[in-house]
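My numbering puts the first residue of the sequence shown at 1, with every later residue one more than the last.
Derived by calculation from the structure, the hints in this document are not laboratory data. One thing to keep in mind: the hints can contain errors.
Taking lysine-lysine pairs in the DSS-like style, the calculated list, with each CA pair at most 27 Å apart, reads [what the hints assert, rightly or not]:
1. LYS107 / LYS185
2. LYS64 / LYS107
3. LYS106 / LYS64
4. LYS64 / LYS149
Pair ranges (Cβ atoms, derived) [as the list claims (entries may be wrong)]:
5. PHE146 / GLU116: 51 to 57 Å
6. ALA150 / ASP170: 24 to 30 Å
7. ASP127 / PRO92: 42 to 48 Å
Ideal Cβ positions, reconstructed from N, Cα and C, are used throughout, including at glycine.
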Amino acid sequence: MIAADAYEQACRTSTLHHMHPAAFAPLPCKKHDRDALIAMYERRMGPDHPGRPVYEEARNRKTKCPMCGVGAVRQVDHHMPKSIYPYLAVVPINLLPICSDCNFEKKDRAPTCYEEQALHPYFDDVDVDRWLRARLITRSADGRAFQAKALDSPASWEIEFYVDPPSSWDVQFAERVRSHFETFKLARLYEDQVADDLPGIELSIEEAFQAGGAPDVRAHLEGLARSRARLHKNSWMVALYEALAAQDWFCDGGFRQVAAG
Numbered sequence: 001m002i003a004a005d006a007y008e009q010a011c012r013t014s015t016l017h018h019m020h021p022a023a024f025a026p027l028p029c030k031k032h033d034r035d036a037l038i039a040m041y042e043r044r045m046g047p048d049h050p051g052r053p054v055y056e057e058a059r060n061r062k063t064k065c066p067m068c069g070v071g072a073v074r075q076v077d078h079h080m081p082k083s084i085y086p087y088l089a090v091v092p093i094n095l096l097p098i099c100s101d102c103n104f105e106k107k108d109r110a111p112t113c114y115e116e117q118a119l120h121p122y123f124d125d126v127d128v129d130r131w132l133r134a135r136l137i138t139r140s141a142d143g144r145a146f147q148a149k150a151l152d153s154p155a156s157w158e159i160e161f162y163v164d165p166p167s168s169w170d171v172q173f174a175e176r177v178r179s180h181f182e183t184f185k186l187a188r189l190y191e192d193q194v195a196d197d198l199p200g201i202e203l204s205i206e207e208a209f210q211a212g213g214a215p216d217v218r219a220h221l222e223g224l225a226r227s228r229a230r231l232h233k234n235s236w237m238v239a240l241y242e243a244l245a246a247q248d249w250f251c252d253g254g255f256r257q258v259a260a261g
């Protein structure tokens, strides 16, 4: 209970980096006790074991992984790794629903400073403000980025996702969000989602263009962004649709080249 209370307090005050591993583990000379604590999690959380309802409850808290917002929850992981903090091995608020990709990227590491603390889905609400943005980049044949205009045919294009926190945020907190974004490789993950999403909305964009040209395409995309933002302000789709709506080349017909790949 002492370890669980200390952990919860650290979560509420974003001071997980101050948690000394020695305070959350048996003495080094009692390695057997440390191993037993870890084994207790693995045994008691298994199918048909007493702790399985706790495992299932944690896994079912979310359907989408709270660390990335994309992957389906398949596993439960420890926010603070049980290998370093054995006393937290079976503490419910240290058990997070997570997708397999994020579980792999997270690894067994503990934060060494404030900025390295991964966002905790039970304690950190970062969807109050907009911080996730995207931009459509068009490139010439020599790889240089340029601002494409209507009827231009860029050699390539790409969508770039990035963290753009509001000016009201504390600098350290902004860096913490960036660290989370980089640790879980969210830019690459969201770019992969774009490749699947754009072909699916090509028809609706074409219909908007035929009805009223670029202004109607822009209005259509902005409407999609507003609709998605009602559920999750920092969804990759909100950032994507806003970025496309802001790009004149895309709205003026460039969407056809983008949809074609």
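These are the hints, each one checked on the structure:
no.	hint	in the structure
1	LYS107 / LYS185	holds, 13 Å
2	LYS64 / LYS107	holds, 19 Å
3	LYS106 / LYS64	holds, 16 Å
4	LYS64 / LYS149	violated, 38 Å
5	PHE146 / GLU116: 51 to 57 Å	violated, 37 Å
6	ALA150 / ASP170: 24 to 30 Å	violated, 42 Å
7	ASP127 / PRO92: 42 to 48 Å	violated, 23 Å
Against the hints set out earlier in the document, violations occur for numbers 4, 5, 6, 7.
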